[in-house]
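Taken in order, these protein sequences are the chains called A and B.
To convert a position in the first sequence, counted from 1, into this note's numbering, add 486.
To convert a position in the second sequence, counted from 1, into this note's numbering, add 1.
FYI, nobody ran anything at the bench for these hints, they're computed from the structure.
Predicted model, so just to flag it, every value in this text is computed and none were measured.
Glycine included, each C-beta is placed from N, C-alpha and C at the ideal position.
Among the clues, some could well be false.
[As the list claims (entries may be wrong)] Chain A regions said to be covered by chain B (calculated; three or more residues, Cβ under 8 Å): (1) 504-517; (2) 535-548; (3) 553-566.
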Amino acid sequence: MADSRTPSPAAAGPPHAVVRHVVLFGRVLREGGLEVGPRRIADALRALDAIDLARQEDVYWALRQTLVARREDLETFDRAFHAWFLRAATPPPLRPAQPLRTAAERRRVGAPAAGVELDGGEIEVGSWSRDELLRKRDFAAMTAEEFARARALIREIAVGRPRRRTHRLRPDDRGTAIDVRALVRASLATGGDPVVRAYRSRAHAPRKLVLLLDISGSMEAYARALLLYLHAARGSGRGVETFAFGTRLTRLTPELGSRNADTALAAASSRVVDWSGGTRIGESLKAYNDEWGRRALTRGAVVVVLSDGCERGDPLVVAAEMARLARQAFAVVWVNPLKGHPEYEPLTGGMQAAYPYIDRLVSGHDVASLEALGTVLGGIVRRHAA
Amino acid sequence: MRTGFIYSPPMVFASIDELDSALAGALYLADRGLATALYLSLVLEKPLLLEGEAGVGKTEAAKAIATALEAPLIRLQCYEGLDIAHAVYEWNYARQLLHIRAAEAGAVDEGELFGREFLIRRPVLEAIESEERVLLLIDEIDRADEEFEAFLLEVLSDFQVTVPELGTIAARQRPYVILTSNRTRELHDALKRRCLYHWIDHPSVAREIQIVELRVPGVPERLAEEAARFAAELRSLDLQKPPGLAETIDWVQALTALGQQELQVEQVHATLGTLLKYHDDLLTIRDETLAQLVATARG
């Protein structure tokens, strides 16, 4: 990157040098993850044309306002601008230089403990009933081969979405609001007498859904399967936001947007930096509430937390942040894989702290329970009365 | 970009500085970044998307530039469920029905009934049909449904709307367009691509003092300084909703009305509700914390 820069603007005419600079700068930004298309470059050039190039501050603003479209990208832009236009010796790395593990390595990290054998596995059964058995099998106890088949099942789970009434009106014969526009048209034939009745009613749309997945060490056996579930949920339509957390919060919505589950999971895996580490549920919820709750993402949404509730931080923080979450959310559902065990009771510190704010506690240790979760979500019609 | 059929008058401001002083004339102190954004939006004839925390003055900026341009401001406040009938046009059904009744039976033809005199113009159509060049403010676009955003995209690229009964109505003069968003959701890339983007930060203390002095006439100098520092302190704390510029102005107005010359703990406590809007935040900022903050602000 560094040696492709032109040190001598004198070689070309000023406008030419500017064009070249901006085009190369656009390339630097693209490497930093910004979406800089030819249209933006053209805008930037027009903007530079309109300002005084001798004023560095104006150059900065003109480029920033034409090349950046998201607040998240401002920091990258600033670093690139300083490196490029303010002539730092070498451009600082645009991305953290830590070596990225390959997706395959990541998958291995999250793999279920080896050596767990299927107890009646050798019996020859038809494919349908094999799937039936698989649906009830704890993710933690699955062999690699079983998990591969379970993946396909999770992918097919039609994620139930709670619905909400919108303010939009749609034509509906059984509606209660009169469709005046249709009425007026029909009245033409009757000399102004409103005879033909047309009605409208409020349309329904999926309610916002926010999924927060615990990917810390204690969730290792379930994180992969649940991440697949997050991907399936993301594919269920608009208004789904997905996050992973362990010691920090990572938004995965863009990564899980790919239709191909493998691509999506690989992208999500490389985004998360705290796989199988410690758990700070309270801090992570706080990060969510601060950044996303404040932006009103939670308001009116059904929030699903997928975690075993093993908190290493202060349970008081968990309680405070769950309270904040519940105040804004339409409903809070907690998915705890440990609940699949018959003798489970919510005794862990984090779980106890969170318990008063949960509308519905469900398991999530096998395919069948994830299907049930879909039914639970689809059935939420009243606020905090799941 | 199709510009050929729309008449664009020459640029009103020759430089950023000129625009900046025109804004100051409209009682709005913009920093260099915002002034540049507004200037470029006029020069490049592109809509400007303003984002920032609630209360940093996004809507105010649009109003000020409208004043500076001497252009009428047409505001479209977005909300969930906003549809074409409330944003663009609607037929005046009551008048239509009366018209049919008033006419001899069978004498009304459809073309007459769906004529311009029965059309109710909502902000978007009003902006497009205007003889004068107007400033169209699309406020809090993030609150509207995504379907509406897609529709808006069409309007912003062609500046024309189609009323099925009347045909296509194209703008005579391209309106200036400013959009604001509080980022309750991410906007579509396609929409963003049409716009210049500017993120408004909270103002610096020095600028906030200037703004407070401009917006609260007769405020004691010392009070303005201490209040701006106090607000900046609050923003550095971990609050659910840090105060915006609008809140600072409200607060200083309250303190001035109470005859305050400087910050005093009791009066600050009594008026804190104008600055902090969450109960949790009010619980955090009290007693020693409050006294400490006031002491820091007083320097």
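Hint check results:
Given a C-beta distance limit of less than 8 Å, the hint that chain B covers the stretch 504-517 of chain A is violated, as 0 residues qualify and 3 are needed. Under a criterion of three residues with beta carbons nearer than 8 Å to beta carbons of chain B, the stated coverage of the stretch 535-548 of chain A is upheld, 7 such residues being counted. Only residues whose beta carbon comes within less than 8 Å of a beta carbon in chain B count, and the stretch 553-566 of chain A has 5; three or more means the coverage holds.
Violated hint for the displayed structure: number 1, the only one.
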